[in-house]
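Chemist: Residue-level listing of the chains:
Protein chains: 2
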Amino acid sequence: MNNEYIKKITWRYAVKKFDPSKKLSDEQLSLVLEAGRLAPSSFGLQAWKIAVIKDPEIRKKLKDAAFGQTQVTDASHLLVLCIRKNIGEQFVDHYINTIAKERGVNISSLSGFKEGMLNSFLQKTEEEKDEWSTRQVYIMLGFILSACAENGIDACPMEGFDPKKFDEILKLKLDGFESRVLCAVGFRSENDEFEKMKKVRFPKEEIITEI
Amino acid sequence: MNNEYIKKITWRYAVKKFDPSKKLSDEQLSLVLEAGRLAPSSFGLQAWKIAVIKDPEIRKKLKDAAFGQTQVTDASHLLVLCIRKNIGEQFVDHYINTIAKERGVNISSLSGFKEGMLNSFLQKTEEEKDEWSTRQVYIMLGFILSACAENGIDACPMEGFDPKKFDEILKLKLDGFESRVLCAVGFRSENDEFEKMKKVRFPKEEIITEI
Chain A
1 MNNEYIKKIT WRYAVKKFDP SKKLSDEQLS LVLEAGRLAP SSFGLQAWKI
51 AVIKDPEIRK KLKDAAFGQT QVTDASHLLV LCIRKNIGEQ FVDHYINTIA
101 KERGVNISSL SGFKEGMLNS FLQKTEEEKD EWSTRQVYIM LGFILSACAE
151 NGIDACPMEG FDPKKFDEIL KLKLDGFESR VLCAVGFRSE NDEFEKMKKV
201 RFPKEEIITE I
Chain B
1001 MNNEYIKKIT WRYAVKKFDP SKKLSDEQLS LVLEAGRLAP SSFGLQAWKI
1051 AVIKDPEIRK KLKDAAFGQT QVTDASHLLV LCIRKNIGEQ FVDHYINTIA
1101 KERGVNISSL SGFKEGMLNS FLQKTEEEKD EWSTRQVYIM LGFILSACAE
1151 NGIDACPMEG FDPKKFDEIL KLKLDGFESR VLCAVGFRSE NDEFEKMKKV
1201 RFPKEEIITE I
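Read top to bottom, the protein sequences are chains A and B.
Numbering-wise, the working numbering puts 8 at position 8 of the first sequence, and it's gapless, one number per residue.
The working numbering runs 1000 ahead of the 1-based position in the second sequence.
Only chain A is shown next, with the shape it has when bound in the complex:
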């Protein structure tokens, strides 16, 4: 087994206490965001956005909307992973146009693909579309957490926050997005008691079944 790889993903844990003095370099932040941007999603549709929160005053407000969890203010950067609302023909057209431009192909050659996407959305309620997009955002979360671990950057995924308050503070709704999950990135404090705790995973035989 590539023990080097496994060692890196074992090194990671959900950091509870970040060292507020340690910041990601521009290069490290770019790498994390690029991993998010390159993450796969169903149809490749990317119905998402990453809000990178740097403003300390806004982060204080967000902390209050996240049950006072210190990662929101103390990590180097807070990433708010969002879904795009109301996906339908307009956004699908934008996606199709982007493919045509990037690959230098005719839009008409993508009409079957476009119809397939639109049909799948027609069968879903707005709530179901949002949930589908949320699942894709969690793939991105997995990609970002993995990229952090591979590159010696600490992170903490967080579901414990009030999405409605976040959306208000960040004015995400105006932009057609809603927050779904957080990822604080930075560097662990030497005093984070969670660092010393053994990672707990169920043994292989409980998690993996061969058929």
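No lab work stands behind these hints, which were simulated from the structure alone.
Some clues are possibly wrong.
[Unchecked claim] Derived lysine-lysine pairs resembling DSS-like cross-links, with alpha carbons at most 30 angstroms apart:
id : chain 1 : residue 1 : chain 2 : residue 2
1  : B       : K1114     : A       : K204
2  : A       : K124      : A       : K101
3  : A       : K61       : A       : K17
4  : B       : K1173     : A       : K129
5  : B       : K1023     : A       : K129
6  : B       : K1054     : B       : K1114
7  : A       : K198      : A       : K23
8  : B       : K1204     : A       : K101
9  : A       : K129      : B       : K1017
10 : A       : K8        : B       : K1022
11 : B       : K1199     : B       : K1023
12 : A       : K165      : A       : K63
13 : B       : K1008     : A       : K101
14 : B       : K1101     : A       : K196
[As the list claims (entries may be wrong)] FRET-style restraints, in silico, Cβ to Cβ:
id : chain 1 : residue 1 : chain 2 : residue 2 : range
15 : A       : K196      : B       : E1206     : 38 to 48 angstroms
16 : A       : F194      : B       : S1120     : 16 to 26 angstroms
17 : A       : W11       : B       : S1109     : 17 to 27 angstroms
18 : B       : E1089     : A       : K101      : 47 to 57 angstroms
[Unchecked claim] Listing some non-contacts, in silico: residues in chain B with all C-beta distances to chain A over 12 angstroms:
id : residue
19 : Q1046
20 : N1106
21 : S1111
Cβ coordinates follow ideal geometry from the N, Cα and C atoms, glycine included.
Use these hints to put chain B onto chain A, whose structure you have.
Modeler: Quick look at chain B alone, frame taken from chain A:
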């Protein structure tokens, strides 16, 4: 930027045509499964299972239940990522016991953590719990896809299948699980036309907002 890392995740794409003659070594398969096992989940609860499908006869049946997509039979292995059903006190106790054993701590020292988990589940319907578990499974999917890319293994995440039929064929329900998403792993065929296509992602300014 760590261009080596970005190069690897850019190398990956959702393989449509696998080379059926190329199989993952035992070591490669172990690495992929270990990446899944080590993936993070909310509370660290791991309400999931990976079914690794090797049996060719069963894979033929699954292909029919996945709109005939050839990745189901032609990839080296098919991973079916599942959620655990009916999470509640029994499973939480099992998790708490596992933590206590692994970390050598008293169960009583984990009572606050246990109550927190149980309270959060009490507030959810069975449907909401399933959706919450599904989101966690998508983090695992992100981890597995990332591990494959980092280690030169091809993969294809797949939502296009009939979960009910999969659960029947694999008898997952008996075991208390339900299928949620597929991940075929193996090696791309030289004739996969999708390999030549440029990866399409929206530009940074459309996906990333700094606040």
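Chemist: Would you mind marking each hint as holding or not holding in the structure?
Modeler: Hints, verified against the model:
no.: 1; hint: B:K1114 with A:K204; result: holds (23 angstroms)
no.: 2; hint: A:K124 with A:K101; result: holds (29 angstroms)
no.: 3; hint: A:K61 with A:K17; result: holds (19 angstroms)
no.: 4; hint: B:K1173 with A:K129; result: holds (26 angstroms)
no.: 5; hint: B:K1023 with A:K129; result: violated (36 angstroms)
no.: 6; hint: B:K1054 with B:K1114; result: violated (37 angstroms)
no.: 7; hint: A:K198 with A:K23; result: holds (26 angstroms)
no.: 8; hint: B:K1204 with A:K101; result: holds (16 angstroms)
no.: 9; hint: A:K129 with B:K1017; result: holds (28 angstroms)
no.: 10; hint: A:K8 with B:K1022; result: holds (27 angstroms)
no.: 11; hint: B:K1199 with B:K1023; result: holds (25 angstroms)
no.: 12; hint: A:K165 with A:K63; result: holds (11 angstroms)
no.: 13; hint: B:K1008 with A:K101; result: holds (24 angstroms)
no.: 14; hint: B:K1101 with A:K196; result: holds (16 angstroms)
no.: 15; hint: A:K196 with B:E1206: 38 to 48 angstroms; result: holds (42 angstroms)
no.: 16; hint: A:F194 with B:S1120: 16 to 26 angstroms; result: holds (19 angstroms)
no.: 17; hint: A:W11 with B:S1109: 17 to 27 angstroms; result: holds (25 angstroms)
no.: 18; hint: B:E1089 with A:K101: 47 to 57 angstroms; result: holds (54 angstroms)
no.: 19; hint: Q1046; result: violated (6 angstroms)
no.: 20; hint: N1106; result: holds (14 angstroms)
no.: 21; hint: S1111; result: holds (16 angstroms)
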